[in-house]
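Which chain is which? The protein sequence lines are W and B, in order.
Residue numbers for the first sequence follow my numbering, so the first one is 1 and each next one is one higher.
Residue numbers for the second sequence follow my numbering, so the first one is 1 and each next one is one higher.
Hints in this document: simulated from the structure, not taken from any laboratory.
Please note: incorrect hints may appear among the correct ones.
Unchecked claim - Taking lysine to aspartate or glutamate and the EDC-like style, the derived pairs with C-alpha atoms no more than 16 Å apart in a straight line are:
no., chain 1, residue 1, chain 2, residue 2
1, W, K154, W, D223
2, W, K204, B, E247
3, W, K144, W, E158
4, W, K330, B, D262
5, W, K89, B, D262
These figures come from a predicted structure and were not determined experimentally.
The chain contents come next:
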Amino acid sequence: MTHSRRTVLTALSATVALAMTGCAGGGASDVTGATASAAAGGDTVLNLYAYAVPKVGFDAIIPAFNATAQGTGIEFQPSYGASGDQSRKVASGAEADIVNFSVTPDVTRLVDAGLVEANWADGEHQGIPFGSVVTIVTRQGNPKGIKDWDDLLKPGIEVVTPNPFSSGSAKWNLLAPYAAKSDGGKNPQAGLDYISTLVGDHVKVQPKSGREATETFLQGTGDVLLSYENEALFIESEGDPVSHVTPPTTFKIENPVAVLKGSNNLPAAEAFRDYLYTPAAQKLWAEAGFRPVDEAVAKEFAAKFPAPSKLWTIDDLGGWPAVDKDLFTKDTGTIAVIYDKATS
Amino acid sequence: MTLDTTTAKGAANRAAPVAASGDGAKRRPPPLLRSASAGRVSGLTLGVVVLWLSLIVLLPLAALTVTSFSDGWSGFWAAVTAPVALAALWTTILVSAVVAVLNVVVGTLIAWVLVRDEFWGKRFVDALIDLPFALPTIVASIVLLSLYGPNSPIGVELNATRWGLIVALAFVTLPFVVRSVQPVLIEVDRDVEQAAASLGASNWTIFRRVVLPTLAPAIISGGGLAFARAIGEYGSVVLIGGNIPRETQVASQYIQQQIEIDRPVNAAAVSVALLAISFATLLILRFFASRGQEREEKAT
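Using the sequences and the hints, build the whole thing.
This is the structure in structure tokens:
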């Protein structure tokens, strides 16, 4: 009995030891492989974490970047999802080289986590390579006659907009009428009253991202979808039966891009980031429906992107740190509390 | 790594007696277990069962429960009784109950037809029953959405309604009742039915008084499994359900949403509630099943 027990123990510990060596060996060889190929200039792989809707832009930008001298041989592993969700994933350890979020606070989260340099927004365009405006998407031909923010509060109108706790799009969508009604934040109560009625009486679903909101709307839910102008242009170009109308007073959307300082492929990631601001890339963004930040390109596409009569910006409301703290912080932000009250 | 080694050691300790019993005539169970009525439960089997259940079931569930109470009892209670969470739980239970009843009726019928009737293509239909088990549930959702979604080719729009949920869940849980009733029905002694018929009992009476009592435990356990499965289902309802809070949002979707908006405690709390419901269902089922069996044994 004792003898055989010892035999089994020995056998088992041998197995465990073998398994452990096996693991360690595998890990080591993996690393070697990666270093070797990187040194050869072969497959540099950039992990891109982005919010949900710019996929259509990156699908055009990435091949164009690969065609440039700097972009040759750089592969991309893009991941798209709700902006806040993506940001939290990277903050909690997902391996990313470059990030593109819908809203700046999602980058700030990474700065606070020590993953992105604090000066990431110091460039000429403050880290924003493209943007859009908040727009109203309706069923084809606009059967309910929706033209402006007040029309959303008509009885029986159902509005689809994502959940601001996961989606960046949702924050822009709520900021637009808030800025319009509060006269750029001068009369916050008027803005909050509007949001309260909108969220309480007209918003029934809470999709997690701008993209999912679009899917929900296209599957037949709601009369109105609040979204990025680029998303509206995209679904119209896909032939879906929708129309869009940009209200006379709306909000400027600015979508930041940042490079992670701990990236294994920092030069490649920085090259890609810088490429996004080149006229060639700016044109591709514009063609994909995003408003370019390069002035020359913007002029060229002026007909495609009509200027609203009043365009509020995040700076008009005091900048993202203040807006995020006062309006969107869980349990204390005024809009966050309204949204939670209406949806829980 | 520490965990791995301890586990391996534990397994080794448990493994030892059996290896011993393997090498010859000393096939004697340990004294403690020898008296067990179930017969031969060796230390190894018991060890493996306990280890496996701990690693796969008990430890994760314990971790989940701990998370759900990380804001204290009041936090847990607030999370579970938030109106939208309650609505999601209620929708889940309601829809699952309807689906279970539906399955009990239709599943028994299908099993009956498959056992008692002969028709062309029977084997094919029999194989078809298991398809919902083999198919990824998201595929079911896509199929149902294209059939019952907007621009439905047959003019029936069920997406974003509770009927849509019921159809999706009925599809996924179809095999449970059929597959638990079928074998029992095959074993049923038909002489008794013939005797009843010769004594003048009508078909309905024969079914009610002779066949049904025999099938009851199988039907109940099949229905219960379908219910428990429907409660936790996610993939098949994700597209067709519409995920409308207070209307068609089921608990699993609510949990997913809470994770996405960074409220893991709420997600864990509702998960624990869901778990408790499932466990209670299964427990009640076992009770009924064993009582049915006892009655059956007494009868014979």
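Run the structure past the numbered hints and jot down the numbers of the failing ones, going up. Those not satisfied: there are none.
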